[in-house]
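S.K.: Chains Y and U are the protein sequences, given in the same order. So the first sequence is numbered by this note's numbering: it starts at 1 and just counts up by one. So the second sequence is numbered by this note's numbering: it starts at 186 and just counts up by one.
Keep in mind that the hints are not guaranteed to be accurate.
Claimed, not checked - The calculated lysine to aspartate or glutamate pairs, modelled on EDC-like cross-linking and capped at a C-alpha distance of 20 Å, are: (1) U:K1134 with Y:E173; (2) U:K221 with Y:E112; (3) U:K794 with U:D814; (4) U:K221 with Y:E85; (5) U:K505 with U:E367; (6) U:K221 with Y:E67; (7) U:K1125 with Y:E173; (8) U:K221 with Y:E115; (9) Y:K118 with U:D814.
Hints listed in this document are in silico derivations from the structure and should not be mistaken for laboratory results.
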Amino acid sequence: MKNRKKQFGAISLLIGLGVLAISLTAFQNSASPPARRADVQFDAYQPEQPIAYSHKLHAGDLGIPCEYCHTYARRSRTAGIPAMEQCMACHQILATDRPAIQQMAAMFEKNEAIEWVKVHDLPDFVYFSHKRHVSAGFECQTCHGPIETMEVVSREAPLTMGWCVNCHREHREQGASLDCLVCHK
Amino acid sequence: MTNGMKRRNFLALMGMSGAAATLSCGDQSQFEETWKPWVHPVDGMIPYVPHYYATHCAEAGDAGLWVKVVDGRAVKIEGNPNHPLNLGGLTARTQSVIQALYGADRVRKPRLKNGKEISWFEARTLLESKLQAAKGKNVSALTGPMSGAKLEVWSSFIGSMGAGRVTQYEALNQAPLARASEMVFGQAKIPLFRLSGADFVLGFGAQFMETWGAVEFQSRGLADAMSPSGHRAMFVQAEPKLTATGAKADQWLAIAPGSETALAVAILHEVAAHSEHLSASEKAMVDALTKDWNLDRASQATGISVNKLHHLVESLGHAKMAVAMPGEDLSLGHDALKHHVAVLLLNKALGAIGPRVDYTHGKPASLIPSHEDIAGLLTDINARKVDVLVIKDVNPAYSLPTDTDFSKALTQVGFTVALATNDNETTALADLVIPVAHDLESWGDRASYGDMHLLQQAVMTTRFEAPQAEDILMSLTNQFSEGAFAEENFRDYLKTRWLAKHDANGEGEAFWVASLKEGGVLTLGESGESLAVSANLRSDLFRDYSPHRVSALTLKIHPSSRFGDGCAANRGWMQEIPDPMTGVVWGSWLEISEHTASEYNVKQNDLVKLNVGNTSVEVPIMISATIRDGVVAMGTGLGHESFGAAYNRGINAFHFLTQTITDGGQFTSGPMAVSISATGRKESIVTTHVPGLGDRISQPLTGTVKGIPIAGQPVSRDRDVYMTMSLADFQHGGGDHGHGHHSAAPAESMFPVHVDQNFYPDRTDTKVFKDREETFYDDYKWEMSIDLNRCNGCGACVTACYAENNLPVMGRDQVAKGREMSWVRINRYVAFHEEGGEIRTEVAFMPMMCQQCGNAPCESVCPSLATYHTREGLNAMVYNRCVGTRYCANNCTYKVRRFNWFDPEFEGDLNWQLNPAVSTRRRGVMEKCTFCVHRIREAKDKARDENRKVRDGEMVTACQQACPSKAIEFGNASDHDSVVAKKAHEPHAYRSLDAHIMTKPAISYLKKVTLSDQAHS
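Could you put together the complete structure from these sequences and hints?
M.R.: Laid out in structure tokens, this is it:
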């Protein structure tokens, strides 16, 4: 196992040297100026969800507050996805004729959870606390965009470090820190 | 890289090309992460918010546990801070129990002896049919030590089946002490050793800070007693091989193996003659018992000069609150009972019975199975009397003496069923193996010292659908004798029994919940009452006694604090944490003195043949300076056969025991005559200590003369990584410390005045340094203080760090290359002083982790700014910024940075144990201690919720939390009232190497205060 790792290490070292050579050549030629951060495109990430849940309907048209379902947002790092029991609290009665609801109810009967795809997913080396941001009075929309208008949720913000730091810089007075260890764990 | 290309531009470009490579890899769906919410929310459970459950497990002994559970998974075992014995501290081995919970050796499915896995239904049917056939005959059980409701269930099951019985077995136990207590004081108890009030501790070899008795309590007690701000007790340990417990002693008497009893009896004779604590009749009785013994005879037996022994007795006589700790049972052999009687009488003569040897709050002897029990069971088995044998979580096939021939005996049993959590040598012999819940997934209760009763609760859902063993038994019992148990499951049964026993006020449910929260009934009285010596103590006990002398080379077996009776040998943490005295990891070794080694013409790492009686094994040689000549020593717990290639290593020392049972109730061990012969081959021992390289206290680190004389202050003599001072100097307010440490610094300054200018240039006037004056720090300046007087090198902090910070276990070959990932290492130093023609050995331990330097050598060399100084005084390490140049590790003065040469691997389900608050680092990344920055974050988060600052003592690091002897303090040094700020200004505080190279460490060590004049400052 370790031997294979060594081989792998050696190969990656060679590849690394290759990349180094290429980048050095690129620098010397100066044919194409290196891309600036702002030029990097972040597509609106919009994965397909197992159940066609509409935030537009629930949060927008019906006006249900975010924290009614995402109850952990003010108490934990994560906002959490509501337990299926919470969905069923309403949907035992409401809209039971729709296929998506029936699909969910069937899963609930079988004690199976829906496997939602995360839209806003930070790398594992990042510590982000919903609790701190919610208690500081930020609207969910600040980072998540106009979620109440989205039929299918897409990622509005780039969620890059520069984007986080910019906001922290603007809110230093309110206690936002620029220390690396605030977010890097 | 000329043409004006700066280092940072180059790196930025490198990063960019990396980013481009990632972007061109394709769409984002490959990074897609999914999340399954709960179907039904669990009451009170919030994702990522940890819960702590108070519980207990068999391996913890009498300590209470707090298990941290995140999202339904146990992630760390800590000590229960409300438990009067351990106050939150916990031994390394108990912390590693969580690795057994997730380890690769968990039994996952029922299976037959041939290895064929069967369904739960088939297993149940098979078991029922075998039991049905044996009903009314002999169905017996063999378990580990057990009490309370669990034992009741086992007894009723065995009772309902027929003529069998429940036999308990524990390889390492305190049975001889229990018997001696019965003989001397008529108390069937193990006393509680309260060392904290002592002013003199005389040890005969018991490893009471590692394996023997209430380890955490005794460690803390001795640390209190030896604290220089109190009366600074003297500690003398008499043992042939210096153990980690003995290493704490002010004086080591390297007695001949087997002479512990002779020494105890002779000292008893001398002390009793002048004792004020014995009645006239007791005096006469002791005198009659010991009249054949005096210090001359003891000197002959032990090989210690009469003068030294006289001096010892004199010191004991002067002491007001002396206490004697007995010998290690594995070394006592046939003398065990006599030895314990002598030590108890000595304690009586010293006035220790009551205040320090407390029987009032003792532990019932019924909790301690003697080896006669299992020997009786073996007799029954060999007489073909046992039809069905039920074995639960005990491994006699490994730890019984070979001449008992346990595996052959088991073939005489009609049907053997093992209810097992982990595979081991014994489950391999069973006809049917049924997985059961681990201790952390089980319920139970247990009596303990005093009136304490520990409650064990399941902290997580059982894995592999394995029920608790007692649940299986209850259902079987109900099946064979209907209505035996009214309760549906064992938890309910336990609750009924618990309430019946302890709920005096009839509070019912409220009492139950309170007990669960507390961890049981945890009240322990302050001090015990003295007892009179029982009148029917045999008067001829020592009459014909002569010490067990071995003229040849003698083997001493000592219990290992890491592996114990062997059940911890398949846990990576325990294999990788170094032995405190030798630093050896991943394997067995034969410890031998340099002189004896040259006599036998063997060298370090030579593989020798060790012949003990009829057995012979091959084991590598470890040359040691802390063992008596003519003695070889080996620890227990290794030499397994069923744990897979990685863990089947070393030698099983239990095999050298013989099945004859001593009057102390244990299989015979004691000093054994052995011979060794070189095989001509070598097997390198992997040790984290490099003998002779930097492990001597008095060895200068460099050849330079340190210190510039200041008027009226002596020049410092040698290095100051580790420092000691004499008690006289300490009592005179600090005295000799030439560098002008804290006491010499102006009160308002955080840092000492530097006088040394010959290593690095003085950076006091440089800009970087100016920016880092006190004002540099905001509200917090996190600092740690480590009291070297309290540390005993046990390794609990190291284990806690592994558990808390997701440190990977690297394995033997990698550690051999110096690639262990441990963030805390415990430096062990030895010094040899010539005093009165004899050599005095001094051993010292020093936990060394990142010093979070205020002027850190590592920070300035990092090309990617991955490591920098935070405004809270931390030397931050941003893992994903690190590019792995390793410059920082090269430049680190304290050598505490670790590099990931590989991606971490967590075998089995050990990744379940990972702490979600800490990143797992990948290959190519440097890592190091961060003062548990995630805990700081949590503490600040909580404080912010309540709109306040973090209180002193609220923020506890993992190592501090686990330390049984409370050597570590942590807090905000900007708060001048904090414990850590006060400790930093103690007269004996110093910062390691700071006076030479001005690293401004955030850790202040408190110098070890020695009774000798030869301190190292």
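S.K.: Please go over all the hints and tell whether each is borne out by the structure.
M.R.: Hint check results:
1. U:K1134 with Y:E173: 18 Å, holds
2. U:K221 with Y:E112: The hint holds at about 9 Å.
3. U:K794 with U:D814: 19 Å, holds
4. U:K221 with Y:E85: 13 Å, holds
5. U:K505 with U:E367: Distance of about 26 Å is beyond 20 Å: violated.
6. U:K221 with Y:E67: 19 Å, holds
7. U:K1125 with Y:E173: Satisfied, since the Cα-Cα distance of roughly 18 Å is no more than 20 Å.
8. U:K221 with Y:E115: 5 Å, holds
9. Y:K118 with U:D814: Violated. K118 of chain Y to D814 of chain U sits at ~67 Å, over the 20 Å cutoff.
Going through the hint list in order, the structure does not satisfy hints 5 and 9.
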